[in-house]
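**Q** Using the sequences and the hints, build the whole thing.
Just so you know, the protein sequences line up as chains A and B, in that order.
All residue numbers for the first sequence refer to the working numbering, where the first residue is 1 and numbers rise by one.
All residue numbers for the second sequence refer to the working numbering, where the first residue is 1001 and numbers rise by one.
Don't read these hints as lab results, they were simulated from the structure.
All values reported here derive from a predicted model rather than from experimental measurement.
Beta carbons are placed, not taken as given, at the ideal position from N, Cα and C, and that holds for glycine.
Careful, some of the hints might be misleading.
Sample of chain B residues facing chain A (criterion: CB under 7 Å; computed from the structure) [to be verified]:
hint, residue
1, Y1195
2, Q1200
3, S1207
4, G1216
5, A1254
6, G1274
7, E1275
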Amino acid sequence: MGPILEARGVAKSFGPVRALRGVSFAVAQGEVRGICGENGAGKSTLIKVLTGVYRSDRGAILVDGVERRIDGPQDAQALGIAFVSQELSIAPHLSVEDNIWLGHRDVPLLHRRRALRQRAQEVLELVGLTHLSVDVRASTLSLGERQLLEIARMLVRNARVLILDEPTATLSDREIAHVFATLRRLKEQGRTIIFITHRLGEIFEICDSVTVLRNGYEVGSFAISEVDRAGLIEAMLGRPLAQMYPPAALTADGPALVVRDLHIPGTVGSLSLAVPQGRIACLVGQIGSGAAEAVRALAGLDYTARGEISVGGLHLRLGSVPEALARNVRFVSEERAAEGVFLNLSVRENLVATQLETLGTGGWMSRQRLTAAAGRLAGMVGIDGSRLRSRTRELSGGNQQKVAVGRSVTGAGKGVLLMNEPTRGVDVGARAEIYVLMRRLCEQGYAILMTSTDIEEVVGMSDIVVTMYRGAKVAEYAGDAIDRSRILSDIIHQETAVTETA
Amino acid sequence: MMEDAGARGPGATATRAHSGWTARLRTGFPIRVVGLSGLLVLAAITPGFTAAPSLLSLVNTGSLIGCVAVGMTFITLSGNIMSFALGATTGAAAIVCAALSGFGMVPALAGAIAVAVGVSALQGFIIGYFRANPIIVSIAALALIGGAAEFASGSRTVYAAPGVLDFLKGRVSGIPLTGLVFLASVVIGQAIQSYTQFGQRVMMVGSNLRAATAAGVRTWRTVTGAYALAGFFTGLAGILIAGRYGAATMEYGAGYDYSAIAGVLVGGTAIAGGEGSVSRSFFGVVVIASVTVMLLLRGFETEYQYLFTGLIVLAAVLLQGRRRA
Chain A
1 MGPILEARGV
11 AKSFGPVRAL
21 RGVSFAVAQG
31 EVRGICGENG
41 AGKSTLIKVL
51 TGVYRSDRGA
61 ILVDGVERRI
71 DGPQDAQALG
81 IAFVSQELSI
91 APHLSVEDNI
101 WLGHRDVPLL
111 HRRRALRQRA
121 QEVLELVGLT
131 HLSVDVRAST
141 LSLGERQLLE
151 IARMLVRNAR
161 VLILDEPTAT
171 LSDREIAHVF
181 ATLRRLKEQG
191 RTIIFITHRL
201 GEIFEICDSV
211 TVLRNGYEVG
221 SFAISEVDRA
231 GLIEAMLGRP
241 LAQMYPPAAL
251 TADGPALVVR
261 DLHIPGTVGS
271 LSLAVPQGRI
281 ACLVGQIGSG
291 AAEAVRALAG
301 LDYTARGEIS
311 VGGLHLRLGS
321 VPEALARNVR
331 FVSEERAAEG
341 VFLNLSVREN
351 LVATQLETLG
361 TGGWMSRQRL
371 TAAAGRLAGM
381 VGIDGSRLRS
391 RTRELSGGNQ
401 QKVAVGRSVT
411 GAGKGVLLMN
421 EPTRGVDVGA
431 RAEIYVLMRR
441 LCEQGYAILM
451 TSTDIEEVVG
461 MSDIVVTMYR
471 GAKVAEYAGD
481 AIDRSRILSD
491 IIHQETAVTE
501 TA
Chain B
1001 MMEDAGARGP
1011 GATATRAHSG
1021 WTARLRTGFP
1031 IRVVGLSGLL
1041 VLAAITPGFT
1051 AAPSLLSLVN
1061 TGSLIGCVAV
1071 GMTFITLSGN
1081 IMSFALGATT
1091 GAAAIVCAAL
1101 SGFGMVPALA
1111 GAIAVAVGVS
1121 ALQGFIIGYF
1131 RANPIIVSIA
1141 ALALIGGAAE
1151 FASGSRTVYA
1161 APGVLDFLKG
1171 RVSGIPLTGL
1181 VFLASVVIGQ
1191 AIQSYTQFGQ
1201 RVMMVGSNLR
1211 AATAAGVRTW
1221 RTVTGAYALA
1231 GFFTGLAGIL
1241 IAGRYGAATM
1251 EYGAGYDYSA
1261 IAGVLVGGTA
1271 IAGGEGSVSR
1281 SFFGVVVIAS
1291 VTVMLLLRGF
1301 ETEYQYLFTG
1311 LIVLAAVLLQ
1321 GRRRA
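**A** Here's what the structure looks like:
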């Protein structure tokens, strides 16, 4: 049997930018295909060509061995190709059923409700949302359930090929397990899945084969048994990566950040921890555990938070970002576009955003000093100096994240860096660079407190791990005691997932 | 333009989302060039446009709109869309200026500026601190300022003390003082935007309020400051009006906010904030003022001017919407 979906020599340029320079690949029915590559490798462009959002400049797309012209998402849908984007398109105020049928072109103005209801029920079962009533409002669903609902929407449109763009980026581990279980079930039914992710572990977990893109070229497609992790990274980067996670410096100083009885009404009951200077501590917990909220509170972004916080021995009042900055407590947000960077402003304006006072006296700002300071920071975090005047929107996710981290670096040697999801949506090369940067800041005298839902990252980067469950600390591990399975069982806690993940 | 036609030809592979001429518009540059050169041609073939009286009228009209537009630019840049209260603020400042002129020039000017800055800063505080909707606040302020001014002036025209404000009608080497005030406003406004930390904070708050908060900006201060600045430049317009007519009523301020909004939008400052500049608004105002004068010269009544300004604003908004999409 021939491939269900095939691309032959697909090329696509945007003005001078050649996003795809001739990519060919074919997926068989019932296959789970991973697509990976650095940011800018052409992954999203390829997907958008396959789903008719873009028309390719050259090349052909074949569905069931027949060359097709896909002119827009409607055409793709008619051919059974569906795309689940990273930004979910769920309407939160509508019911689950309405969301499933929303925008479906086969729903007549006057329709028999019962048939639609039954079909909705069927697809919900298919994606493993059996416990859910179709009448529930979508806003009550967890992120993982929304992702599955999004897949259900596509199934009701008879999708044979499902294309998922980083479906797990914002999900907790248990939710990821649910999504994967669903994907396996769909595969057994003979549906084809194309899966884009930055998390290499997931490729080995769920995919049968993987296509690697680099700079708009296709490096190759491999059966998953043919490649290993290092080989995959090398294919993506075009060079081997010596190590992903740089080691900690040997010496650590006294406590830089001491948190005692941090309390956030409705989120965190009471949390105490200490981070020594030069060390990376990680709060780990599922969404709702309060880990991310605790870090935000320490950054001064929560007015309701109470607690005794000391930074370098000095008291820190919560609820004010300027006060946190005065103690050199800096924050890198998990929501890069919404809170982390100013997408409309230039890279240099972003880099100096938290240190305007240093650019002039009496409220004035010297453009020269601005450019100089931004250039220095850009050099420190590894951003090409020629991009300083570019709009931040034009940068890849990885470079945007470097801008966000770069803003937190100051001349002051000591400080606390708070990072929520330091590498969410960041490709493997930039990720390694950010890890190196974090360690370098530690050596400079920073203490880092981060959260992450990427368990590999937690184990790889942390010197101290504090697990959390429903707003309370479960346990604390340091050094060799940091262990993946113990962390997982801590954050899932008593609701042991064994029975549910099936 | 020729390239536009080419981009839509059969060889084009542009997609729906990024097709042909709208893609050109997105870059912003050609539209401004085309618009401005078209305007110049129109002006050149309008009889009497280059005559001294109409040029003078252009400078006067443009300068009054312009001062308000410089102020409006800060409101738009700070992410608060626009204010409908600046016309009323202009009128109120003119009334205060005329009323206080009996005490001398300095109290008249200072009083007008103080009132304009005060009422605007208060709006800014309400919007910045309580996160109130800027449009609604400005509409409420419009009614309040109008009501208060009518009450205080007893709905009568307030005449300035003879001679005190006459210097405002003067000229410096042939250029009306009004025009110089406007130019100075543009230069000062642009300097504040580019060379002060406050100006940078306005851009940050307008670009992304949450990110600005996370970056440690006390956003309510910045927003209050942006409105206070808007009040300052609006106050200048009020003073110029009082000087020009030697008298003031609320009517004299009517419509300036609207023309200023048109100028800001035509200049290309983003309605969503965080993008644009005072000098862009300068060009926008030149366009609006030229159109106004041209319509007058061609014998159109004032209602046509409103109609035309309305169409220009609509076009600017539509183009910006396309650009974002």
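**Q** Given B/S1207 was flagged as interface, is its beta-carbon under 7 Å from a beta-carbon of chain A?
**A** Check passed: Cβ of B/S1207 comes within 4 Å of chain A, closer than 7 Å.
**Q** Report holds or violated for the interface hint on B/G1274, using the least CB-CB distance to chain A and a cut-off of 7 Å.
**A** holds, 5 Å
**Q** Is the interface hint satisfied for B/Q1200? The criterion is a beta-carbon contact with chain A at less than 7 Å.
**A** This hint holds: B/Q1200 lies near chain A, its Cβ roughly 6 Å from the closest one there, short of 7 Å.
**Q** Given a cut of 7 Å on the nearest C-beta pair, is the interface hint for B/E1275 held or broken against chain A?
**A** holds, 5 Å
**Q** Closer than 7 Å between Cβ atoms is the bar; does B/A1254 clear it against chain A? Give me holds or violated.
**A** It is violated, given that the least Cβ distance between B/A1254 and chain A is near 34 Å, above 7 Å.
**Q** Using 7 Å as the Cβ threshold, decide whether B/G1216 counts as touching chain A.
**A** OK, holds: B/G1216 within 7 Å of chain A, min 4 Å.
**Q** B/Y1195 was flagged as interface toward chain A. Is the shortest Cβ-Cβ separation under 7 Å?
**A** holds, 6 Å
Hint compliance for this structure: hint 5 is the single one not met.
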